[in-house]
Amino acid sequence: MATPTSSLATLRPDWGGSFMEWDIEMDGQGFIAPRVLPIFEAGKQSGTFGKIPVEQLLENRDTKRAPGSGYSRGDFDFQTTTYACEEHGAEEPVDDRESTAYMDYFSAEQVASYRAHSVVLRNAEQRAADLLFNTTTFTATSVTNEWDDATNATPIDDVEAAVQRVYDACGLWPNALIINRKVFRNLRLVNQIVDRLKYSGHQDPKPGNITEQDLAEVFDLEELIVAGSSKNSANEGQSASFGQIWSGEYAMVARVCRRTQDIKEPCVGRTFHWAEDGSEPGAMVESYRDESVRSDIIRSRHDVDEIVLYAEAADLMDNITT
Numbered sequence: 006m007a008t009p010t011s012s013l014a015t016l017r018p019d020w021g022g023s024f025m026e027w028d029i030e031m032d033g034q035g036f037i038a039p040r041v042l043p044i045f046e047a048g049k050q051s052g053t054f055g056k057i058p059v060e061q062l063l064e065n066r067d068t069k070r071a072p073g074s075g076y077s078r079g080d081f082d083f084q085t086t087t088y089a090c091e092e093h094g095a096e097e098p099v100d101d102r103e104s105t106a107y108m109d110y111f112s113a114e115q116v117a118s119y120r121a122h123s124v125v126l127r128n129a130e131q132r133a134a135d136l137l138f139n140t141t142t143f144t145a146t147s148v149t150n151e152w153d154d155a156t157n158a159t160p161i162d163d164v165e166a167a168v169q170r171v172y173d174a175c176g177l178w179p180n181a182l183i184i185n186r187k188v189f190r191n192l193r194l195v196n197q198i199v200d201r202l203k204y205s206g207h208q209d210p211k212p213g214n215i216t217e218q219d220l221a222e223v224f225d226l227e228e229l230i231v232a233g234s235s236k237n238s239a240n241e242g243q244s245a246s247f248g249q250i251w252s253g254e255y256a257m258v259a260r261v262c263r264r265t266q267d268i269k270e271p272c273v274g275r276t277f278h279w280a281e282d283g284s285e286p287g288a289m290v291e292s293y294r295d296e297s298v299r300s301d302i303i304r305s306r307h308d309v310d311e312i313v314l315y316a317e318a319a320d321l322m323d324n325i326t327t
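So the sequence shown is numbered by the working numbering: it starts at 6 and just counts up by one.
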């Protein structure tokens, strides 16, 4: 039997309440892609747009007007930038027999929906990590003492140096530090950070009392973005090999978008999303019937493209973890 087309699929608004709980769960798993690469709603599946060159973002010009003359007008040379949203999705079959057998214990449909949804978001997270923690796009600067060396590490100095490098490159101040959760836990033990917190009046700078906001204030940044998502990199049938999606080898200081729809806002990158084919940024869920296997097929999908807009708006550091 041929697989039904998407036109025969049924949206599942009855799972709206579950999605609210799942979003909390996904956040608990530490997905940060929507924070570091905020969504921009694109009107077309692919297209070309003009990007102001970084050297012209803060360009100065004479604003003095003489009587009878016009005002100074901008004359930007836009750089051509393209995007092309691609569809990403996953399916989970709910077999009639299994659904009936386990109906007293759990909803097989909701479990299948969660699994499909999680796969799509986990892959989006991996694409974001591969895009930003990337030594081809960004020239990495090695820190002298790894941040898991509590006695000798100087992360405050390292981050400040990275902030200055971003400013020197584009004239914009970064607003975020991007790290994974292992690095976050290491930072809470570093003497330089603990001493700074004590000096600033922190009541009890034990590791468990040091928050992400505490560290953001130590680094003089708006936010600390901590990735906690994990992956199993082993192939099917092999022993599990767990690790962080965002590598502990890197940390990035960056100017991230404040989650506006202004494409002209300078930031390191965006996620372009195309909604015309029924997609939702956080991955929508639909179902259809496949009688050949006596199953309801649960599908989650979205149509996106993650791109770097201003590489100059970020600074990548490596040698973060031993």
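Careful: at least some of the hints might be erroneous.
What the hints assert, rightly or not - Pairs of lysine-lysine, BS3-like flavour, derived with a Cα cap of 27 Å: (1) 49 / 269; (2) 236 / 56; (3) 236 / 203.
Claimed, not checked - Ranges between beta-carbon positions, derived for each pair: (4) 116 / 297: 45 to 53 Å; (5) 100 / 60: 17 to 25 Å; (6) 53 / 280: 16 to 24 Å; (7) 174 / 101: 37 to 45 Å; (8) 222 / 74: 45 to 53 Å; (9) 147 / 106: 53 to 61 Å; (10) 211 / 142: 18 to 26 Å; (11) 70 / 214: 23 to 31 Å; (12) 269 / 70: 22 to 30 Å; (13) 211 / 242: 55 to 63 Å; (14) 245 / 106: 24 to 32 Å.
Don't read these hints as lab results, they were simulated from the structure. Quick reminder that beta carbons are idealized off the backbone N, C-alpha and C, glycines included.
Status of the hints after comparison with the structure:
Annotation: proposed proximity of residue 49 to residue 269 holds, straight-line Cα distance about 18 Å (limit 27 Å). In summary, the hint linking residue 236 to residue 56 is not supported, as the alpha carbons are separated by about 35 Å, beyond the 27 Å threshold. Under the criterion of a C-alpha separation no larger than 27 Å, the hint pairing residue 236 with residue 203 is inconsistent with the structure, at around 36 Å. Range check, residue 116 to residue 297: about 22 Å between beta-carbon atoms, so the 45 to 53 Å window is missed.
Our hint of 17 to 25 Å for residue 100 and residue 60 is violated, since their Cβ atoms are close to 59 Å apart. Taking 16 to 24 Å as the suggested C-beta distance range, the pair residue 53 and residue 280 conforms, at roughly 19 Å. Take residue 174 and residue 101: their Cβ atoms lie about 59 Å apart, and the range 37 to 45 Å is violated. The hinted range of 45 to 53 Å is satisfied by residue 222 and residue 74, whose Cβ atoms lie roughly 49 Å apart.
Taking 53 to 61 Å as the suggested C-beta distance range, the pair residue 147 and residue 106 conforms, at roughly 56 Å. Taking the beta carbon of each, residue 211 and residue 142 are about 38 Å apart, not inside 18 to 26 Å as hinted. For residue 70 paired with residue 214, a C-beta distance near 57 Å fails the hint of 23 to 31 Å. As the Cβ distance of residue 269 to residue 70 is approximately 25 Å, the hint placing it in 22 to 30 Å holds.
At about 43 Å, the CB distance of residue 211 to residue 242 disagrees with the hint of 55 to 63 Å. For residue 245 and residue 106, the hinted distance range of 24 to 32 Å is satisfied, since their beta carbons lie about 27 Å from each other.
Hint check: violations occur at hints 2, 3, 4, 5, 7, 10, 11, 13; the rest are consistent with the structure.
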